[in-house]
Amino acid sequence: MTRLALRVLRDLMLVPLTAVLVYLAVMRLPYRADSDRKIATADNDARARLTAVLGDGSLGGAVEPWRRFFGGEPLGVRADPYTGADLRQALGRSLGLGARALLLALGWALALGVLRAATARRKVAALVDVAPALVFGTPLFLLALLAAVTAVEWGVPFQGSAWLAALVMAVAPGAFVGVVLSDALRAELVRPYVRTALAKGCSPARALLRHALPNALPALLDALAPVATSLLVGSFVAESFFGVQGFGRLYVRAAQDVDPGVVVVATSLFAAVLIAVSLAAELLRLAVDSRARKAAR
Amino acid sequence: MNVRALAGLGLLGALAALALAHAALSGGAVACPFGVDPQLPFETVCAQAVGGLWRSAALGLTAGAGGCVLAVAFALLGRRLGKGADLAVEKLAELFFAIPDVLVLISLGFVARAVKGGESVSLPWMMVALTAIGWAAPTRMVQNRLRSLERLDFIAAARALGVPEGRLLLRHLMPMAWDFLLAIFLMRVPAIILTESTVSYLGFGLPVSEPSLGKYLGSHWGLLLQGNWEAVVPAWALLVAMVLGFQQVGRGLLERSEGGRR
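Chain order of the listed sequences is A and B. Numbering that gives the first Met the number 0 applies: residue 0 is where the first sequence begins, and numbers increase by one. Numbering that gives the first Met the number 0 applies: residue 0 is where the second sequence begins, and numbers increase by one.
Quick caveat, the hints were computed from the structure, so don't treat them as lab data. Glycine is no exception: its CB is placed at the ideal position from the N, C-alpha and C atoms. Careful, some of the hints might be misleading.
As a list, the in silico DSSO-like pairs of lysine-lysine whose alpha-carbon atoms are at most 30 Å apart [as the list claims (entries may be wrong)]:
{"no.": "1", "chain 1": "A", "residue 1": "K122", "chain 2": "B", "residue 2": "K82"}
{"no.": "2", "chain 1": "B", "residue 1": "K115", "chain 2": "A", "residue 2": "K293"}
{"no.": "3", "chain 1": "A", "residue 1": "K199", "chain 2": "A", "residue 2": "K122"}
Far from chain A by the CB rule (all over 10 Å, computed), these chain B residues [unchecked claim]:
{"no.": "4", "residue": "L8"}
{"no.": "5", "residue": "A13"}
{"no.": "6", "residue": "D85"}
{"no.": "7", "residue": "A97"}
{"no.": "8", "residue": "I98"}
{"no.": "9", "residue": "S121"}
{"no.": "10", "residue": "V127"}
{"no.": "11", "residue": "P163"}
{"no.": "12", "residue": "E164"}
{"no.": "13", "residue": "L167"}
{"no.": "14", "residue": "H171"}
{"no.": "15", "residue": "L193"}
{"no.": "16", "residue": "V242"}
To spell it out: a stretch of chain B is covered by chain A in this simulated footprint if at least three of its residues, at any positions, have a beta carbon under 8 Å from a beta carbon of chain A; those stretches are [what the hints assert, rightly or not]:
{"no.": "17", "segment": "32-40"}
{"no.": "18", "segment": "45-55"}
Using the sequences provided together with the hints, build the complete structure.
Written as structure tokens, this is what we have:
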């Protein structure tokens, strides 16, 4: 229990540590104050404007972006800056989008995993394997492009469509989880309890879905962190492509426009999300897997 | 060599033949069947797509090789310096691995824009950035492979005979890991190409005048919505074929390497 508490504490400490490190790094950049950069102001004193908005760059100044984020005050150094409220709104939108994408990914993963496991060692197995290979070999923006072209052909507006964005975001993590699930199912299907069930007259489909599947599901915990990473990267691309006003798009635009305040807050929040997912996966594993609990003692 | 690796090699061979044929025919004897690039009318679609293929392949191969060299160096250094250093390398690699490559490259793109200005980065800059972020996954894989090789009997025998640690690593362990290293190098290449193409699409990549496949597609995708498939599909097909080719060769070699070990 003490080791677990220490692990949680260590992971939680990483969040403010990352935020401070990102702040210090961003504040120490030698910004180029030329006219075409958004950071340059009328008096061309980029550093003074930066300090006015984001603090003096000292350790204590690291709270300033977060005060503005939670207070809803302007965070950017552009002429028309993003405010903390804008960022919070975009974050909420992205979390909603991520939840939809996760649901779609799990549905697609379940279908792919069961299909791959059911067709293993058959002639169609190679055909089923083509789907994940194509998904892993295609950049996400090309999948978005395909979805957009299809939407245009069907007369569906794709700009601003959160469902289309979620669908595109779900493709790669779904394929990854599907492959992990099918590998776990294949390992379960050769175990004695499944052979016993089959010998007693259980149908192969029932043995797969009622016996092997529940035992294969804990293997998905290993896939949680890569899925979170994949959804995060997916949000950059899908939100930018479909014009969804989410956090990923906002971050990409802030980096393009050299907007340090937004970059500090967004990078720290992304790190916090990844740390939280990793921690959640670890705690879930301890909750459902007695072998992991034993190893942790 | 297994069927998967052969199929991948065939695909890569066909791409190389296509690129060489284009270079041989680009003197004007044969016109590009896809016409000129609508955004750069002095370039043909074929020249842009094949040029992008070379640049993407160069980026993938260079950064993949660099990442693998760093991975081997870190893994060997960790083992040479003892258990504590080995664990430190492992934890550092895990930490780096948890951060998405695209997020790091966007952050680096932000830094480049803030410090240097301009909208794009140079090919060498992109190679260095991709190498710097690509060492973590191979490091963990090399560490795992070295640990599993160390359990083999002949290693225990060599150790019992008093073979020094450095010699054991370089003369006994590493020769056993070369095929595995080649496999992870080949599997890193498509991952790097995909990462670079995503970052280029988002506007943090190479200049439009010297595009990689990702940059070309990122700046031309709108043409597809106008029904101009000819300008986009060649680069698209080359990107998917190259990524699939490297993936299949890498996975095929990895399967062979795993099979050989068992």
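Enumerated hints in conflict with the structure, sorted upward: Hint check: 1, 2, 7, 8, 15, 16, 17, 18 fail, others pass.
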